[in-house]
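Trainee: So for the sequence shown, this note's numbering puts the first residue at 26; every next one is plus one.
Heads up, some of the hints might be wrong.
EDC-like mimics (lysine to aspartate or glutamate), calculated; alpha carbons at most 20 angstroms apart, straight line [to be verified]:
id: 1; residue 1: Lys92; residue 2: Glu107
id: 2; residue 1: Lys56; residue 2: Glu85
id: 3; residue 1: Lys92; residue 2: Asp31
id: 4; residue 1: Lys89; residue 2: Glu110
id: 5; residue 1: Lys92; residue 2: Asp29
id: 6; residue 1: Lys92; residue 2: Glu121
id: 7; residue 1: Lys93; residue 2: Glu110
id: 8; residue 1: Lys120; residue 2: Asp31
id: 9; residue 1: Lys89; residue 2: Glu53
id: 10; residue 1: Lys93; residue 2: Asp114
id: 11; residue 1: Lys89; residue 2: Asp109
id: 12; residue 1: Lys41; residue 2: Glu80
id: 13; residue 1: Lys101; residue 2: Asp114
I should point out that these hints are in silico values taken from the structure, not numbers from a laboratory.
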Amino acid sequence: MLFDYDTLVLLRKNTKLNPINLIKISNERTKAVEYQQFFNKVENAQLGVDYSVAEQLEAELRFKVWKKIVLPYWIKFSNGIELDEYALDLLYRQKEKEKNYTLKRKY
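Put together the whole structure using the sequences plus the hints.
Mentor: And the structure:
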């Protein structure tokens, strides 16, 4: 499943990764930087680093953690919905909750 950056931000706010998964993500980021440096040297260019592979890996790992968190609720309240759909729905509801609790300043 492909994740967009907003979903990754939500997953970052609602999940924690173990050290092994953090190392995997760090390795992907390092590979991206090395590839960018090699490409810029060979092509004599100044392109930025493409972290899309690392971000996709991070989103997938965090989504697995999120599914483990959501699993008890899915068992009780799924009504025939697949776990992935249910987990995404609850994740996006977390975003809606954040919007509802913003305070406005009175002047």
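Trainee: Is Lys93 close enough to Glu110, meaning Cα to Cα at most 20 angstroms?
Mentor: Given that 20 angstroms is the threshold and the Cα spacing comes to 14 angstroms, the pair holds.
Trainee: What's the verdict on Lys101 and Asp114, does the C-alpha distance respect the 20 angstroms limit or exceed it?
Mentor: Given pair Lys101, Asp114 holds - Cα atoms ~15 angstroms apart, limit 20 angstroms.
Trainee: For the pair supplied as a hint, Lys120 and Asp31, is the alpha-carbon distance within the 20 angstroms limit?
Mentor: Measuring from Cα to Cα gives roughly 10 angstroms; hence the hint holds.
Trainee: Is it true that the CA of Lys41 sits at most 20 angstroms from the CA of Glu80?
Mentor: Holds: Lys41 and Glu80 sit about 15 angstroms apart, inside 20 angstroms.
Trainee: Holds or violated: Lys89 with Glu53, Cα cutoff 20 angstroms?
Mentor: Judged against 20 angstroms, a Cα distance of about 18 angstroms means the pair holds.
Trainee: Does Lys92 pair with Asp31 here, judged by a C-alpha cut-off of 20 angstroms?
Mentor: holds (18 angstroms)
Trainee: Given the hint that Lys92 pairs with Asp29, does the C-alpha gap stay at or below 20 angstroms?
Mentor: holds (17 angstroms)
Trainee: With the threshold set at 20 angstroms, check whether the alpha-carbon distance from Lys89 to Glu110 stays at or below it.
Mentor: Given that 20 angstroms is the threshold and the Cα spacing comes to 13 angstroms, the pair holds.
Trainee: Run the distance test for Lys56 versus Glu85: straight-line Cα separation, threshold 20 angstroms.
Mentor: holds (18 angstroms)
Trainee: With the threshold set at 20 angstroms, check whether the alpha-carbon distance from Lys93 to Asp114 stays at or below it.
Mentor: Holds, because 14 angstroms separates the two Cα atoms, which is no more than 20 angstroms.
Trainee: Please work out if Lys92 and Glu107 have their alpha carbons no farther apart than 20 angstroms.
Mentor: holds (11 angstroms)
Trainee: So if I understand the rule, the pair passes when the alpha-carbon distance is 20 angstroms or less; does Lys89 with Asp109 pass?
Mentor: Judged against 20 angstroms, a Cα distance of about 9 angstroms means the pair holds.
Of the hints listed earlier, there is not a single one the structure fails to meet.
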